[in-house]
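Novice: Sequence:
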Amino acid sequence: MLVVYILLKKECITVILYHGTWEDNMEKILEIGYIDNEGHRYSYEDTELIDSILEEHIGYNPRNSCIYLSNDVDTVEAYDYAFKVDTSLLNLNLLFVGSNKIIQDIYCELPRSNPDENKVKKLVQEYADSIIPFSDFLKINGKIDSDLEFMYFDKIYVSESDLVG
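Under our numbering, the residue at position 93 of the sequence shown is numbered 76, and the numbers go up by one with no gaps.
There could be a bad hint or two in this list.
[As the list claims (entries may be wrong)] Computed Cβ-Cβ distance ranges for the label pairs, DEER-style:
#1 Ser129 - Thr(-3): 17 to 23 Å
#2 Asn97 - Asp69: 44 to 50 Å
#3 Asn124 - Asp7: 19 to 25 Å
#4 Glu14 - Lys84: 31 to 37 Å
#5 Ser35 - Leu72: 30 to 36 Å
#6 Glu38 - Asp119: 39 to 45 Å
#7 Asn97 - Asp128: 21 to 27 Å
#8 Glu28 - Ser142: 18 to 24 Å
Just so you know, the hints here were simulated from the structure itself, not pulled from any lab data.
The C-beta atom is built at its ideal place from N, Cα and C for all residues, glycine as well.
Based on the provided sequences and hints, a complete structural model is requested.
Specialist: Right under this line is the structure:
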């Protein structure tokens, strides 16, 4: 079930995004009242692997300490819990969009015994080039699909009422 709606009124852009998390993290998030990823507090092995590949091939990690969000509630069903995030409550200057499909392509290339380094390097550069501010993405594309990765670079304030399911 893809739940996304866009309301453009002057400078108000509302899209509902989701942040999936595990039970231990959910309890910590509710205790402090916000989601953050300072010091990669909620980072996972797969994320750390992709981040190291980005760093190795382009010299930096464009996703460093971001909070990952999805526009597809089904995508976050793999987690124990999900928080609903209304973009109208975020600083849109800190919300970016990248290609989730390219990240998945990179990830699928890595387990091979001999990954094609040229292919990985090309995919990493394509991914880095795909990252743009959310507001620019809306101006260029006008629609949101499920092959996107949303990255927010600040705290996201949430409460128990933001839990989905």
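Novice: Would you mind marking each hint as holding or not holding in the structure?
Specialist: Outcome of the hint check:
Our hint of 17 to 23 Å for Ser129 and Thr(-3) holds, since their Cβ atoms are close to 18 Å apart. The beta-carbon spacing between Asn97 and Asp69, approximately 45 Å, falls within the hinted interval of 44 to 50 Å. The hint said 19 to 25 Å for the Cβ distance between Asn124 and Asp7, and at roughly 36 Å that hint is violated. Between Glu14 and Lys84 the Cβ separation comes to about 35 Å, which falls inside the hinted range of 31 to 37 Å.
Checking the proposed 30 to 36 Å range against Ser35 and Leu72 shows it holds: the Cβ atoms sit about 32 Å from each other. The hint said 39 to 45 Å for the Cβ distance between Glu38 and Asp119, and at roughly 24 Å that hint is violated. Distance hint for Asn97 and Asp128: a CB-CB separation of about 33 Å, inconsistent with the stated range 21 to 27 Å. Look at Glu28 against Ser142: about 29 Å separates their beta carbons, and that is not inside 18 to 24 Å.
Hints 3, 6, 7 and 8, counting from the list given before, are not met by this structure.
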